[in-house]
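Modelling step: build the complete structure from the supplied sequences, incorporating the hints.
Counting in our numbering, the sequence shown runs from 0 upward without gaps.
Quick caveat, the hints were computed from the structure, so don't treat them as lab data. Just so it is clear, CB atoms sit at the ideal spot from N, CA and C, and this is done for glycine as well. Treat each hint with caution, since some may be false.
In silico EDC-like links for lysine to aspartate or glutamate, alpha-carbon gap of 20 Å or less [unchecked claim]: (1) K84 / E59; (2) K84 / D34; (3) K104 / D63; (4) K84 / E53; (5) K104 / D43; (6) K104 / E17; (7) K84 / E60; (8) K104 / E93; (9) K84 / E100; (10) K84 / D63; (11) K104 / D57; (12) K84 / E98; (13) K84 / D57.
If you anchor each label on the Cβ, the simulated ranges turn out as follows [stated by the list, open to error]: (14) E100 / T44: 16 to 26 Å; (15) G108 / D43: 33 to 43 Å; (16) E17 / T44: 15 to 25 Å; (17) K84 / A40: 29 to 39 Å; (18) Y19 / R46: 30 to 40 Å; (19) E53 / P82: 13 to 23 Å; (20) G89 / A40: 15 to 25 Å; (21) L31 / D91: 28 to 38 Å; (22) P41 / R61: 14 to 24 Å; (23) L23 / G90: 32 to 42 Å; (24) L49 / H25: 15 to 25 Å; (25) G90 / M0: 22 to 32 Å; (26) C45 / Y97: 13 to 23 Å; (27) E9 / H94: 15 to 25 Å.
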Amino acid sequence: MNIILYGIAEETVRPLAERYGLRLCHSFEELLHGDRLLLQAPLDTCRQQLAFFERMTDFEERIDAVVAVSAEAAGAVRYCSQPGKFFTVGGDPEHLQYELERILKTQAGRLCAHGYDEIR
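Shown next as structure tokens:
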């Protein structure tokens, strides 16, 4: 499972990565090894966004989900994400880890459609 996390701080994600046996990375090439959470800082310039679009296209078969910290900050990322693989989460630190964990469980097939944990 490979998930791109856009605009989410490493210290927020590290506990979840450890809990689910995922590695943190900062380059698309590392997605080739699988089970990665790619941390992407916000893209400020058109040049950065274009380069990101190209990398997303190159690796689209390896990307299981894209999670952005807010809808307005993620316009460019949403544009290059495959339908059904894009998620936004609130920036509230209290709920951010909970939301990320729900997405991870869903992508791993450990959460049923009704929102209950499959494995308790």
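Each hint tested on the structure:
Under the criterion of a C-alpha separation no larger than 20 Å, the hint pairing K84 with E59 is consistent with the structure, at around 10 Å. A hinted pair counts as satisfied when its Cα atoms are at most 20 Å apart, and K84 with D34 qualifies at roughly 16 Å. Annotation: proposed proximity of K104 to D63 holds, straight-line Cα distance about 12 Å (limit 20 Å). Of the supplied pair hints, the one linking K84 and E53 holds, its CA atoms being roughly 17 Å apart against a limit of 20 Å.
Between K104 and D43 the alpha-carbon distance is near 31 Å, which puts this suggested pair outside the 20 Å criterion. Only pairs whose Cα atoms come within 20 Å are accepted, and K104 paired with E17 is accepted, the gap being roughly 14 Å. With a C-alpha separation of about 11 Å, the suggested pairing of K84 with E60 holds against the 20 Å cut-off. Distance restraint check for K104 and E93: the Cα-Cα separation of roughly 18 Å lies within the 20 Å cut-off, and the hinted pair is therefore satisfied.
Proposed proximity of K84 and E100 is supported: the alpha carbons are some 15 Å apart, at most 20 Å. Of the supplied pair hints, the one linking K84 and D63 holds, its CA atoms being roughly 6 Å apart against a limit of 20 Å. Of the supplied pair hints, the one linking K104 and D57 is violated, its CA atoms being roughly 26 Å apart against a limit of 20 Å. Distance check on the hinted pair: K84 and E98 sit about 15 Å apart at the alpha-carbon level, within 20 Å; holds.
The straight-line distance between the Cα atoms of K84 and D57 is roughly 16 Å, inside the 20 Å bound, and the hint therefore holds. At about 32 Å, the CB distance of E100 to T44 disagrees with the hint of 16 to 26 Å. Taken as a hint, the range 33 to 43 Å holds for the pair G108 and D43, whose Cβ atoms sit roughly 36 Å apart. Checking the proposed 15 to 25 Å range against E17 and T44 shows it is violated: the Cβ atoms sit about 33 Å from each other.
At roughly 20 Å, the beta-carbon separation of K84 and A40 lies outside the given 29 to 39 Å, and the hint is violated. About 34 Å separates the C-beta atoms of Y19 and R46, a value consistent with the hinted range of 30 to 40 Å. For the pair E53 and P82, the beta carbons lie near 19 Å from each other, so the given range of 13 to 23 Å is met. Checked against the given bound of 15 to 25 Å, the beta carbons of G89 and A40, roughly 19 Å apart, stay inside it.
In this structure the supplied range 28 to 38 Å holds for L31 paired with D91, their Cβ-Cβ distance being about 34 Å. Restraint check, P41 to R61: a C-beta distance of roughly 22 Å satisfies the suggested window 14 to 24 Å. One distance hint, 32 to 42 Å for the beta-carbon pair L23 and G90, is violated here, with the actual separation near 19 Å. Distance hint for L49 and H25: a CB-CB separation of about 19 Å, consistent with the stated range 15 to 25 Å.
In this structure the supplied range 22 to 32 Å holds for G90 paired with M0, their Cβ-Cβ distance being about 24 Å. At about 34 Å, the beta-carbon gap between C45 and Y97 misses the expected band of 13 to 23 Å. Checking the proposed 15 to 25 Å range against E9 and H94 shows it holds: the Cβ atoms sit about 18 Å from each other.
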